Every structure is written in C-alpha cells, then in structure tokens.
Amino acid sequence: MQRYSGFGLFKQSLSHHENWQRMWRNPTPKPVYDVIIIGGGGHGLATAYYLAKEHGITNVAVIEKGWLGGGNTARNTTIVRSNYLWDESSQLYEHSLKLWEGLSQDLNYNVMFSQRGCYHLCHTLQDLRDAERLVSANLLNGIPNELLDRNQVADEIPFLDCSKNTRFPILGASVQRRAGNARHDAVAWGYARAADALGVDLIQQTEVTGFRKQNGAVIGVETTRGFIGAKRVGMVVAGNTSPLAAKAGFRLPLESHPLQALVSEPIKPIIHSVIMSNAVHGYISQSDKGDLVIGAGIDGWVGYGQRGSYPVIEHTIQAIVEMFPVLSRVRMNRQWGGIVDTTPDACPIIGKTPVPNLFINCGWGTGGFKATPGSGNVFAATLARGEPHPLARPFNLERFHTGALIDEHGAAAVAH
Amino acid sequence: MLNIFCPHCGELRSEEEFSPAGQAHIARPLNPEACSDEEWGEYLFFRDSPRGLRHELWLHASGCRKYFNATRHTVSYEILETYKIGEQPAFTEAAGKKSAAQGVSA
Amino acid sequence: MSQVNRLSRGGRVDRSQPLTFTFNGQRYQGFAGDTLAAALLANGVDVVGRSFKYSRPRGIVAAGAEEPNAVIQLGSREATQVPNVRATQQALYDGLVASSTNGWPNVDTDLMGLVGKVGGQMMPPGFYYKTFMFPQSMWPTYEKYIRKAAGLGRAPTENDPDSYDLINRHCDVLVIGAGPAGLAAALAAARSGARVILADEQEEFGGSLLDTRETLNGKPAAEWIEQVLAELKTFPEVLLLPRATVNGYHDHNFLTIHERCTDHLGETAPLGAFAHKPVRQRLHRVRAKRVVLAVGAHERPLVFANNDVPGNMLAGAVSTYVRRYGVAPGKQLVLATNNDYAYRTVLDWLDAGLQVVAVADARSNPRGAWVEEARSRGVRILTGSSVVEVRGSKRVKAARIAAIDTRSHRVTSPGEWLECDLVASSGGYSPVVHLASHLGGKPTWREDILAFVPGDGLGLQARVCAGAVNGVFALGTVIADGYSAGSKAATDAGFKAVNGKLPRAEERREEATLALFHVPHDKPTARAPKQFVDLQNDVTAAGIELATREGFESVEHVKRYTALGFGTDQGKLGNINGLAIAARSLGISIPQMGTTMFRPNYTPVSFGAIAGRNCGPLFDAKRFTALHAWHVKNGALFEDVGQWKRPWYFPKPGEDLHSAVARECLAVRSSVGLLDASTLGKIDIQGPDAREFLNRVYTNAWTKLDVGKARYGLMCKEDGMVFDDGVTACLADNHFLMTTTTGGAARVLQWLELYHQTEWPELKVYFTSVTDHWATLTLSGPNSRKLLAEVTDIDLDKDRFPFMTWQEGKVAGVPARVFRISFTGELSYEVNIQADYAMGVLEKLAEAGKKYNLTPYGTETMHVLRAEKGFIIVGQETDSTVTPDDLNMGWCVGRTKPFSWIGWRGMNREDARREGRKQLVGLRTVDPNQVLPEGTQLVFDPKQPKPMQMAGHVTSSYQSASLGHSVALALVKGGLSKLGQKVYAPCRDGRLIEAEIVSSVFYDPKGDRQNI
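Here the protein sequences come in this chain order: A, B and C. Each residue of the first sequence is one higher than the last, beginning at 0 in numbering that gives the first Met the number 0. Each residue of the second sequence is one higher than the last, beginning at 0 in numbering that gives the first Met the number 0. Each residue of the third sequence is one higher than the last, beginning at 0 in numbering that gives the first Met the number 0.
Hints listed in this document are in silico derivations from the structure and should not be mistaken for laboratory results. Quick caveat: nothing in here was measured; it's all calculated off a predicted structure. Hints may be right or wrong, so weigh each one.
What the hints assert, rightly or not - Quick look at which bits of chain A chain B covers, simulated, 3 or more residues with Cβ under 8 Å:
| no. | stretch |
| --- | --- |
| 1 | 251-264 |
| 2 | 308-320 |
| 3 | 400-406 |
Claimed, not checked - With a straight-line cut-off of 30 Å between C-alpha atoms, the simulated DSS-like cross-links for lysine-lysine are:
| no. | chain 1 | residue 1 | chain 2 | residue 2 |
| --- | --- | --- | --- | --- |
| 4 | A | Lys163 | C | Lys644 |
| 5 | C | Lys632 | C | Lys785 |
| 6 | C | Lys129 | A | Lys10 |
What the hints assert, rightly or not - Residues from chain B shown here face chain C by an in silico Cβ test under 8 Å; the list is partial:
| no. | residue |
| --- | --- |
| 7 | Ser13 |
| 8 | Tyr76 |
| 9 | Ile84 |
We put the beta carbon where it would ideally sit given N, CA and C, even for glycine.
Next comes chain A alone, as it looks inside the complex (with noise of 0.2 Å):
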C-alpha cells in the first residue's frame, strides 16, 4: 500500500500527480472465499478490514451491489457518539467510539474524525431527569458525560436561543465531548483501501440473487456474476436487509423507512459542534467545508425510495430556526434520503440467523455511522469464531422472542 503522509503529497506533486496508485483494485471473484461479506458500506469494509487485520482471514470477499459506500455511509449526517443509556450499547459505542480515536492512524486515512463534542439538549424537567439518568449511567460505565445547566449552555453554543420565553425553552444539556463528526465519504474508502491492502477482494457492481444452501446451511450466494462460493456469509446490507433475509428464508423484526437530511450552502464557522434535541425534534452541526448539516426524524411508513416526506424536512427546519433564530436567511441547498432499518428496541441485531454459517449485522436504525468501527469489528470477531463477540452478545435475534430487549428509543430518539 502506498503510505499517505504530507510528505508523500509534497513528492507527488512534483510529478504533477501522476503517480498515486489506486486504492484498491477491481478483482474477480474467485470461486470461493473463507468469509463474504455481503454489503460494501462502511460496516461491511470494516468488518473485512478487522477479518485480515485482527483474526488474520485474508481469503475474503466483499460484495457490493453498487459502489463502495454508496448506501447509508454516504447519506448520513457523520455524527459520532457513544452517550447511549443501557450497558449493553453505551459498551458497544464505547467500543466504536475508542476505535474512532485512532482509526486515521490506523487506517492510513485520514477519516477528519473531529471531536468536537455533542449537546442534547433539555426542555423539560422529565428531560433533565433523564439526561442525569443517562449521564450517570454513562459516567458509571467509564463514558465521561456531562450535565450543564441552562447558562453553561448558553455560554458554550453561540446563537442557541437560550432564553425563557421560547416555546420549550432550554434547561440545560449533556454534553459528550469525545463525541463529533467524521468524513462519513473518507470511512469507506478507508477501510477499503486497508481491507484492499491486506489481500481483501472488494468486488463492486455485483448483486447477490439468492444463497446456496445445502443440508440447511449456507455454502455460497449467487450473484450477477455467478455462483461464489464461502464458508461464511455475513449479511451487512442496511436498508435492504429485509428483502435478502427473505432470499435467505427468514424474516425479521425489521421495517425500513426513510430517513432524511439536509444541508444549508456553506457558510463562515458558526456552528462548532453537534446540538441535538429531541424536544423541538432536529439537530445540527457544521462541516470542515461550511454546511450546516441538519437531520430530521424517520418519515412514519416503509420506503425504499430514498427520499421521503416533504413536512419531515419543514418541521425539522423549524426546529432549527426555533433553536437558532439567526439561521433564518441562511439558505437550505440540498435534501436527501437514506433508508434505515428499525428495529422495536432501536438497537442492532448482530450475530446467528437461523440459517447456518449465514450471519447478521443489521438494524443500526438512525445510528449506524458512528458505530462502523465498532460494528465491523465486533462482526469480523463474530464470522471468524462463527459466534458472537461479547459486545455483540446481547444483540443477538433471539431477544425478540424472549423479550431481552435494550431500549433506547430515548437515547436514539432525535434519528443521528
């Protein structure tokens, strides 16, 4: 792998960058694979990277309908966090969260993870009640959170109308500062270029059709380009995870909706860090280039379409000029949509399905982005012992059965 470094950029341009090699290759398929990896998002890359950094299984490959990154990694508002309420999750976040710190580094890639820290804010006293539940939880777990109180916010986030005459006006907020935003793009292709790197086989434009199964347990997918073979399959395909399941045989607790955002054009810095509230129901942050960048909650219905609703987008641009009045002339560019897999407890699934050596990693909701490292690195643990991380554990598909749910429809509340 050609090393990236300053340096390496200051040489290049001296052969009018002529000379950069590609990222990754265009392979294919060979006819048979230790692992595939169905989904060429995020989460599918950083499973296949951690399979051949970490557990040293090389022979993989990572099968993508379209291109690299092009589902929801493309399509979300780049925020990470790990301020989630139960045990189970806040670890998991955690995990994805510490991975985060170091993934530029370690990826060779420089992914702008930007710690720049995230607000929910409070608006009611059962708000506050819950923001020290939740912080408390959080601090417990060895997750530094903290509660402000109406005028540290107001002293911390310029232009937040923190006054006591608006219509839910602002108690206070936690604040998680290790929290922020990444170059959602930059994931993807950096876990492709590692994954790539360490002999990985990233194959684009190839759908798979169907499984082939014998004796009940899966032995390969048939794809657009034929029959390849595996001895594991892992399922990592947000926003089309239902449709597959059922090529597989099997259903889920799923639905998928839309899920929509938006960006403003660039503007000066104004905002310089993530604020979210789930009261007014939206949240913003700024990018490195300029835009504010503002998401909505999920449109009510299944969709596929990648767009949703026009009044998600009005109400959630309310919220934003109800929270920062001085955003008012500021100008909307450019709406879009995702598609999200929820879940009853909005939390993942990952982990056995029941059909064998074919495995999950599904159900991310609106949170997917922040939890890629976390997420492709629990899975790759998972396909490569053929059972569940630790961290995974408690996500498994029986919880629906059985009612082991971990809910966190309020911490997951405002869709991020």
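Assemble the complex: chain A is given as a structure, and chains B and C must be docked to it using the hints.
Same frame as chain A, now just chains B and C:
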C-alpha cells in the same frame, strides 16, 4: 408528500392528515395463551418490509379518525388502493399490479 | 466610476431610474431592471470573488441560476445579512450593499491567492485524506485552520426582522418556466378552462424571449410576451407567479414554489400601507393534477486551460447582458463553440458595435444560417479549432486558438495567441432535468443533441415536458411544443383543449453540435494549466482524471472524491463536462457513466421561508386550562407537560422552589390545597360493550364496578410493559369516564380506537375525547370536605359518599361531577365542571377557602405528595421496560380474567418473568437531609472499578416537608427482596450517597387519611 384517498371520507387528502400505523392484516392471535414465546414475539415484532407492494394500516388522524388499509409500493410510493378494515386488497404482489399515475389514482 | 460598460442604447433596463449600490465598499450606479451582476459588469467590475480552494480571482460567468462565481454577501445591516446570494439572480434596488464572500484583505489583492499559487500543486482532490494525520494530536489544530477557510458567506448574528408565509395551493396545471414553451403551455391550459399556476424564477416573464434576437410574426419576440400575459390575465383561474422558483418535485405531484416577494425591493421587506410589513418570501405548497415542465436548458462552457480567468463567460450570458441589460462585458470578443446557437452572440456583439476578434468553431465545416450570417459580416471563423488556453490573471488578456482533433483528443497545431478581453464559450445545451429527476427518474442521454433529457420519470410524475428541456431548441418548434404540452396537461386533468394560432418564427438552417466538452491541450491534462470544470469547488479536469486513476470509477465516487457539483450551484454548469471527462478517462460512454442523483432544492431556499410562521410562538400549539388566567394572577410558574402549560408551583415573594413546595405540601397535609387537574386526559366511553372493552384494555377487572364507583387501572401494551394509567368511573352501566395521563391522552385514545376498529369491531362501544370540555379542580387535604360542603348541595357524608365513588350535583351553583379519589393520600375531591363555568367556580371556592388557608399547588407539590405515598407517574417511574409486577402493582393485574387482555401474554414472556428484574422500591437516605438527584444510577458495591455493575436508578426524589426527611423512589434489581439493604449513589458531583431500600409507601402506609 403522499396524497391519500380516505375510503371513509371518500376524498384524496394530503399525508399530513394521516399517520401510518404499520403493516396491515396483523391479526391478534385469538388465543394468546396458546402461543409460545417465539410465536408471541413474531406477532409483536416481526414484520414484512418488502421492496414492492405492501399492505399497510393508516389512520386518518386529523380527519375522520378512522383506520383503513392501503396497498402501497415501497419503492415508487405509488398507492394502488385504499380499503376499509375487514376488506381484502385487490392488488397483491402475487397477483401482479396495474400501474396508475401517482397522485391521481383514487 | 460611471457605467463604463453600459451601451448607449438597448436593453430592457429603465435608464430614467438610476439606482446606487455598494460593492466591496465602493459606490456604483446601475438602472432599474438590472440584476446586481448586470450592474457590476456595467461598471467594469471584473473580480467578484475568490475561488474556494486556490483563491483564484473569479468573475461573472453566467446570467442566471447556473452562476458559480458571483456568490456574494448581501445586506447593509447585521440583522439583514444574507449569505451566498447569486448576483445574477438578485435584482438591483437603490441602496443595495453587497460584498465578496472570500478574499483577504480584499478580492483584488488576496493573500490567500499566494497560498493557492504556491500550495495549489499540493491540493489535488482528496489531499486532506492523505495528510494532516501526523502526529495524531495535531489534527484539532489542522482542523482549526481548515475551518478558517470554510464557507462562502456568513450568517447574520442578529435575529431576522422579516416574516415568511406558507400557502397551500391546488391547481389543474402547474406550468414551470415562463419562457416561450411555458407561456404557450400556460395559454393552452388556461384556454381550456383549467386552473393554472405559471411560475418563473426571473424578475419578469419571458425567459429566453427577453434577450433573443429572433422575431415572432416578424416583430421583436418580447411583444408576444405582452400579448400572452394580457390574455392570461383575463382568466380568473390563472395565477401568475414571477420571482417564484419551483424548487422541489415531490411525490404524488406535490411541488414547492419559493416566491421572493420583496427581495427585489430591499434587503428587508419595506413597510407598506398602514405600516404593515409584508412577508419577505412565501413558500407555496402545491398539489398539481398535472405539471408542465418548461424549464429550458443551461448552456455548457468548454473546458480549456485557465478558463476561470475573469472575462471567460458563457456565450448566451454575453448575449443576455448585451440585449437585456444593455451591458457589454468587454470590448474584444473571442468565441469558442461547437454549435450554431452561439453565433447569435457574435451577431449581438456586432450589432452593439463591438469587435469580434475571432470565432473558434470545433466543427470542420459549419454552414448553418447564423454561421453564414456571421461569416458574411466579416467575422473571422477558425474551424476545426478551439480556444485551448487563456492568458491573464484578473482579466482575460489573450486567447490561444489552435486546431484540435476531438477524436484523438489532441491539439494538432501550435495555434495563435489573439489579444482579447472576453472569451465566450459554448459547449452545447443541457436541458434542466433537475425537477424531472427529483423522484429518482434517471435522465436519458440523447446522442443527437449530446444531452440528457428527462427520463420517463418511472411514471411517478404526472407531467409533460416542453421546449428546451425536451431537447427542442428552435423557437417556432419550442412554442408549438409548449402549446401542445399545455393542451395535453389540461386534457389529462379533465379539460377540453382549445386549438390556437401560434406565432410565426423565422426558419433557418441549423447544424448539429459536435461532441466537445474538454478541450485538449498540448500538455497532458495533469501538466497543463488548470482547466476548470466546477468553478465554485475548484474541480479541474486533471482532478477528475486523477480520481479515476485512483479507482473512483462510479459517477458518485468521482463526485464525492473531487467535490464536483457539491457547490451552491449544484453543478449546473460543470456536471456534464465532468461526466464526459470521467467517461473518457475510463474509456466508457457518457450514458454508461450516468448522472448523479438530482435532489431538491433546484436553487437554495431560505430556512425562514421553509419554516413560514411555524416558529417562535407558533412553533407548537400551547394548551391552557380554563383556569390559566387565575394561575397567572396568583403568581404560578409553569411547567411544559406535552403541549400543556401546567402550574409548577406558586411561589410567594421571597420563596424559591423548595420553600414554596414545602409550604404547599404542608398546607395539603394539614388543611386543604387546590390543584388544577384539568390536563389529565378524559375519554368518554359509551356503549353496551364498554365494560367488556375496559376489561380487555386494562390490566385489572371491570366487570364488577358498580354505577357510581371509580377504579384505578393500568394499561400495558401487548409486550406487557406499562403504557398509561388513570382512574375510570362508571357513570352508567353502559357509560364510563376514563382518565389518562396528561401526556398520554391522545396516544391512549388512538390506541383504543385501533383495537376497536381493527381487532374487535363487533364490540359496540364509542370513544370521545372530553379533555377540553371538563375542567378539574382537585381539593385535597383534611379540610377539603368542610370547604366543599360550603359550596355544594351534594351530601359529602363519608359513608354516603365514600372513597372511590362519585356524585353528581351542584358546586357553586354549577352542575358538577365530583369524584372522591386521591393522588395525595389525603381526603380529596376532584370537582369536574364544564370548562366554561370553571373560573367562576374556582373564584367561589377560593373565597370560601380563605378560612381554611386554601393553598393552590402545582405539579411539583403533586409529585412530592404522591411520591410520599409511593404512587407512580407513568413516564417517570416507568420507561417502556417496566411491567406491573416490576412496580409491585401485582394487585392491579387481573390474573384470572377470562379474556386474554392486552399485556397479559406479553408479561408472561421469559424475560418479563426473569429473576432479578428491576423493581420499584423506596429509598431512605442515611443522611435524612440528602436528596438523591433524580435519575442517578445506583450500585450495591461503591468500591468496584468502572465499568460498574449498576443496580438501578432513582426515578423520583424529594425532600419531604411532612416527613422531615428525603424520600425517593427507585427501580432496583431484585429490589423487593432487598428491603433493608443498602444501595449507593455515586453522584456526578463526587458525593456518594448511601441509602436504605425501603417500602415505596412512606406516608400513611395503611391509607387511612384518604378514607376519613
């Protein structure tokens, strides 16, 4: 924004008046006690989320407050029909579908 | 400086109305009818901005929505600043103040430009992914500097003085674009009798007719505009919307139109008659039966070396400035083209008396009518050639025209440098396929016109395309296409089309456009001077080729890696050129490459306009009880509970929350207090099967509840988790009044309806929300009976009106229902009065209550009093993971009810019956004056390392004035079997609070006081 024909009101109205309520035709088991935990879990949580036609439940929340069903395409978002609770859909994935232009089908 | 580039005549501007404006601190003059861009060009302002990455000087390129460079900061006052306004779309008004968005100390001498020159070589696409990584700790510092360069304009730092509107509209035919096709379409639709909206983004209707040299019926084309508008105005069902951009084409033919009502008059809406301030902008939310897309096409520039130097313009834009605004943006013109249409610019330039240096036509032997006309007027035409490079820094000084071979992509002659100050280029026309593609429909490539046209739209858009967007360019054909599109749309919407006579346009020979996007250079692309594709994002041809070499092969990858099309113009100018370059680099065709997704908005829309009036006080409905004014008068502070404003506490002078609540609590416990409980949800349930229905939706049994009695009930969802609670009274055998939590009222009603309508339609039962119809005054405390007795005719004897029953009668002379139920543990009466009468009743009660020290109390005191009694609040003691047994409320679970009620099966699942679940208990702190923070997590072993094993959390916690110690409720793992044991709360502030697990009922455990 979807345009939805309420079969109770007999009018096409904008989506803002309605709220979606999940998959249609999920019947509560007549004898819950006879269900295993697994069967009860399937009833509670497991849903079809197809790319294609889906029968779903809607509430005319800011209108007549009545529930009804719709057959909607989950990729094109076209609504092929709406029908009252207790009625069966005319369009199903198995039976194939006719296409109608969006927003003007009643 | 007077208007050096203003032509002595011509244009649609009103020379009798001079307007002054300021740009970058310098005062200039323009005319009414100018855009800011036209006025800047008229005044010879070459440099209007600096580019984003390399900080290169940039000038105006276009005349409309596709302009990438002239993106300015507008506004003379802080509060009225608008970032990123396109000067080409901003009408000039007197006193306009604008400035460039980048450049330090100013755009003409920009120090960052040096950095761009020196460092530009170090900034290929994606350079930031490859560096700024070492050492890891330096990234925040690097990023600080990266963010310094971020953004174009800036947001105001004061609140917006303007207001905005939303309006819903319905129409039969929405015509988008009022150029020749749109005007004809609107006319056809209007004549059929359809309800028509005609919307156009420009200041005036007419589109390309406003500056064309062509004629209609032998007269200037603009005259036809007047005719059409005059006729359209005779139809009452036609709405004309100029300055109104259709920005989004959403599902089911829903479209949004962004109308700028006053932006052409000033930076803030000017006061109108009676000091009325009109809205600045209005957003129309339109449901159209049919849409006619007559949105035209954008001209593409050619991509050649240094094509970003000010003085490089689109050919069509040059014509627009000359003919519409009477402005000549230069003196000596060189035109680079691959098509016939661009020759109009040459003719327009000659007509204005200016010099055409040469035309470089990439075609080998062009013979079209306009070409011949130019040739006959002595214009030097170099065929098989193009402008390959431009010289100049802040203004074009010369252009090199050389022979090129488009097939092998090579320059085949050294060419010659020609002195000039303006290079107009035209690479053909790209239909504006944006709106047509907003629902995901893929545009279709047409090789004959070298452009994408709208695809079939997957059948999702009920629309017809007309004119240039359809790939139809000749004026006569465009008008005919528009008229037939309007007729078709009207017919499809159920109207009968009317034939009409169409104006006669000139006919002429036109020849095909040659496929040329990226002009070759003598040097390889990577070594040639920069050839810009996306001017706003500084994306070059070399950058796109590099991206493909690095493995970015999908069009989306190229876009994302290079930032092509990510600007505020969303690539209107550069995207097709970029696609063509990537396709050639990859050895595939343009349609194989495909386009990226088109998304709303077509052009940017103010947040304010999208939000309309739904901000500030109208952000969300506020709900007030009938007694609100009394609470305000009595000094209440309020708490938001859902949409309700509930009295929180009633502080007396000098009191804080704690002292006020202590006083209120003691008043209730010792005498009598008054709570406004009107916000609790009230659902009137009637029908012969009402009782059976209650049996199915509540956890407990209702079969034996007699008329006149009331009962507390819990509701669960099918998963067995508590979802709401409240008291329901039996008013008659087939009539019940259900109360719900304040926040849950709507949710519960919807849920009841769901089960009734979808599962048990055979049950005869009806639900009506009566929350707002009844006000509820709760009198609570040992003196409540005495007080109530003074104002009611109801017999309050404790045996004849026992606990958990209700009576009808008069209170303060008004019919009332009085419920003897208690949420405080004291003797209590809940008096329900029709809301309209409630204020009078309250005043009488207050008067009578003086001698009992009747004390109004709010939600905080209510919380303390109920916590002392261990009563739960759904949503505080519960989240969605708590069963009735977890709450130690098994007494409220009907285990033997015949019907398997909602929640019963769910609470018998494996995990819901598991040992060690969290259970509701009381906590008594060892130090009686320490109040556990609500929400704090608990541990059994405070000395363990992190991550700690947590035991549960505090759900409610207060200092109890009645008891003299703090009380807390908590959910604790296995708590009910751990009574007497210790738990610890390691608090955020470092305190470790020790507490004993006790019963959740702290006060009057036997419940005697409510029964007296």
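>> Taking the earlier hints as the rules, which of them does this structure contradict?
In response: none
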